[in-house]
Amino acid sequence: MALSRIASSSHASNLLKPLSTALSIRRLISSDSTVPLTIETSLPFISHKCDAPPRAVDTSASELFSFFRDMATMRRMEIAADSLYKAKLIRGFCHLYDGQEAVAIGMEAAITKKDAIITAYRDHCTFIGRGGTLLEVFGELMGRICGGSKGKGGSMHFYRKQTNFFGGHGIVGAQIPLGCGLAFAQRYSKEENVTFTLYGDGAANQGQLFEALNMAALWDLPAILVCENNHYGMGTAEWRAAKNPAYYKRGDYVPGLKVDGMDVLAVKQACKFAKENALKNGPLILEMDTYRYHGHSMSDPGSTYRTRDEISGVRQERDPIERVRKLLLAHDIASEKELKDIEKQVRKDVDDAIAKAKECPMPDPSELFTNVYVKGLGVESFGADRKEVRATLP
Amino acid sequence: MATLFQGLPSSTAFSSSNKFNHAPAPTSFSERKSSIVTVRSDARWSPVLNSATHKPQRLITNAVATKADSSLASTSSKPGHELLLFEALREGLEEEMERDPCVCVMGEDVGHYGGSYKVTKGLATKFGDLRVLDTPIAENSFTGMGIGAAMTGLRPIIEGMNMGFLLLAFNQISNNCGMLHYTSGGQFKIPVVIRGPGGVGRQLGAEHSQRLESYFQSIPGIQMVACSTPYNAKGLMKAAIRSENPVILFEHVLLYNLKDRIPDEEYVLSLEEAEMVRPGEHVTILTYSRMRYHVMQAAKTLVNKGYDPEVIDIRSLKPFDLHTIGKSVKKTHRVLIVEECMRTGGIGASLTAAITENFNDDLDAPIVCLSSQDVPTPYAGTLEEWTVVQPAQIVTAVEQLCQ
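Going line by line, the protein sequences match chains A and B.
Quick note on numbering: the first sequence equals residues 1 to 394 in the UniProt record's numbering.
Quick note on numbering: the second sequence equals residues 1 to 403 in the UniProt record's numbering.
No lab work stands behind these hints: they were computed from the structure.
All the pointers check out, no bait thrown in.
Computed cross-link-like contacts, DSS-like style, restricted to lysine-lysine with a CA-CA straight-line distance of at most 27 Å:
{"hint": "1", "chain 1": "A", "residue 1": "K190", "chain 2": "B", "residue 2": "K126"}
{"hint": "2", "chain 1": "A", "residue 1": "K358", "chain 2": "A", "residue 2": "K344"}
{"hint": "3", "chain 1": "B", "residue 1": "K121", "chain 2": "A", "residue 2": "K190"}
{"hint": "4", "chain 1": "A", "residue 1": "K190", "chain 2": "A", "residue 2": "K113"}
{"hint": "5", "chain 1": "A", "residue 1": "K358", "chain 2": "A", "residue 2": "K161"}
{"hint": "6", "chain 1": "B", "residue 1": "K305", "chain 2": "B", "residue 2": "K331"}
Here are a few chain B residues that face chain A, going by a calculated C-beta distance under 10 Å:
{"hint": "7", "residue": "L130"}
{"hint": "8", "residue": "R131"}
{"hint": "9", "residue": "L133"}
{"hint": "10", "residue": "T135"}
{"hint": "11", "residue": "I137"}
{"hint": "12", "residue": "E139"}
{"hint": "13", "residue": "G146"}
{"hint": "14", "residue": "G148"}
{"hint": "15", "residue": "A149"}
{"hint": "16", "residue": "Q172"}
{"hint": "17", "residue": "N175"}
{"hint": "18", "residue": "N176"}
{"hint": "19", "residue": "M179"}
{"hint": "20", "residue": "G186"}
{"hint": "21", "residue": "F188"}
Heads up, the beta-carbon is just placed ideally off N, CA and C, and yes, glycines get one too.
Please model the complete structure; the sequences and the hints are all you need to start from.
Now the structure itself:
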């Protein structure tokens, strides 16, 4: 894709205001893609027991470009999952992440694949962020063997071991102690990596969160607890569920930071800051102020506990993809047409993946009994009397 | 707290045949030419055990054939060394921690205090605070933490101070421990060992006398074993740590001070095997954990009365060792199950169903299952005695069964 930029690229390092596009010189993306840009986050960080990171975020043209493309992919994927669910190709629970893409993308931009991420059931986009493919997502959602967990997990059980993505958990809050265990293992093996444990505003009232936080702080584990606060725990608004909805402060002795979760650059800055801090000082809480457009899951219309005006208001003013689009246009990194082309390409990729996943077969019945135990037992064994394998007695 | 196990003979004075006559050792694996049902988790290590270390080691499943005229022989001439059951557990734990740096222990008071039943005594000074971790009183989250650590490759041993406390961690054990290997399509394995003392003690009260094997038995993906002697305690502990699957090791509060002789050489037992305690002809008595001793006491009476019971300590509560059990049923045609679990939905109930489904043709009489009463364990001593199965009841049951 060609980039168009004003020749005076020396402005790049300043806090940029929109430059005129009178003269545009087309350049290839590779030539100036890594020229650093500094952009200010739209809202300041609010901190608790720590110093907030600066609002000026270092980024680059290619990074913004990749943000746009990745977020558009995630958005398109979630919308497609919505249609597939209504067509009854996806069954059961399907929790969609559209509106919250900035959290997944911003986090990925700040960390490496050696750092661990664990989240709850709204995990489709986090899986993509960690390197999962669209085919694996749609395959798993439709229960096919090409899915990430071979069709045996479903929407709430995406995992990717090779890039340290630990799922994918259905029980609210149960992933938080697991996340502390990941951090414990990182400390035990003396790796310089951190664990991001994501949970929602609903899970923030779980006791195991505070138990795990106590242990993480006690032993200085490199655990960063990220509350993706979309303001509704299924149908209950946060002010109706939490006495103190300032989730970043609920760690008490653990420092916290409140971040605008719809601003991908703010998320990136916060995660970078959190990683540096966690490696030195132990756990940290990040509260991402975000929003989900869909209901809690596909069985929830999402409009009985909030007004349509609220949803469309957020979509107009705070949508993460629109924000990046405006940045790209304002800094002349791309033109309207190029961005529309990307969206068309993304749509095509998603449709291709869906078509391919639809052709994939369902798991064989014998798969019912595989992976219950690790193969150390020598046979597939699954039950008190192991009915599948019979003994021929002498 | 550890109570002295009074009134019952030590494990070395059981019955006439004192040899630990196990099901065939792996070296005689070929004896089982029939299709393999009971596969040991360590089958692939025979003949070379433990290739990681370079010492030549043999897998010994037969305990030293000791006993007989113990009054004559002096202790120093007998091979092996004598210790208490909790020391055997500690020995197994220590050997595994030395062998593999990924093995760590976590639980309440396991580190500096040494463990409420002294199983981890001295390990914290030897291995450090990170490997023998004192956790706060937060079972749900430290169990979850252990499971999360296992997902990355560590091998934690999670100790519940009393098995009953692990009810607080049921979600983590059921959903994350048992099911993660399956729901991730085989990506993650969870090689944890969850252990702790359970069972009815000496007037500990209802909440501290729970038998959790019945609650955990239907969780898919886990294995459950119950140890009953110092020999099998150490062997099962080592096997559980080496297993790639999550294993729940049930110990019993009243068995910690059992003294016995175990081999000096290293040995690992199979997690899925049952133990033949006393071969016989008339009736198969299946039992595990503390009830083994009640059964052996009853067996003495029964032998005097002319019966020949075959006593099998099933050891593996999930999955059952149907090979050993089936062989026995084919021989005796009568089954008595003696367990400490509750009547409703206990291990005995599942075992009855499994035997009936698989070996119905070989049974001459309906299976009799003696379990604890379906009541909260009372505090009063006499009442508590009546909640669990006593040797007299076992004798009566065998007599009725063999009519």
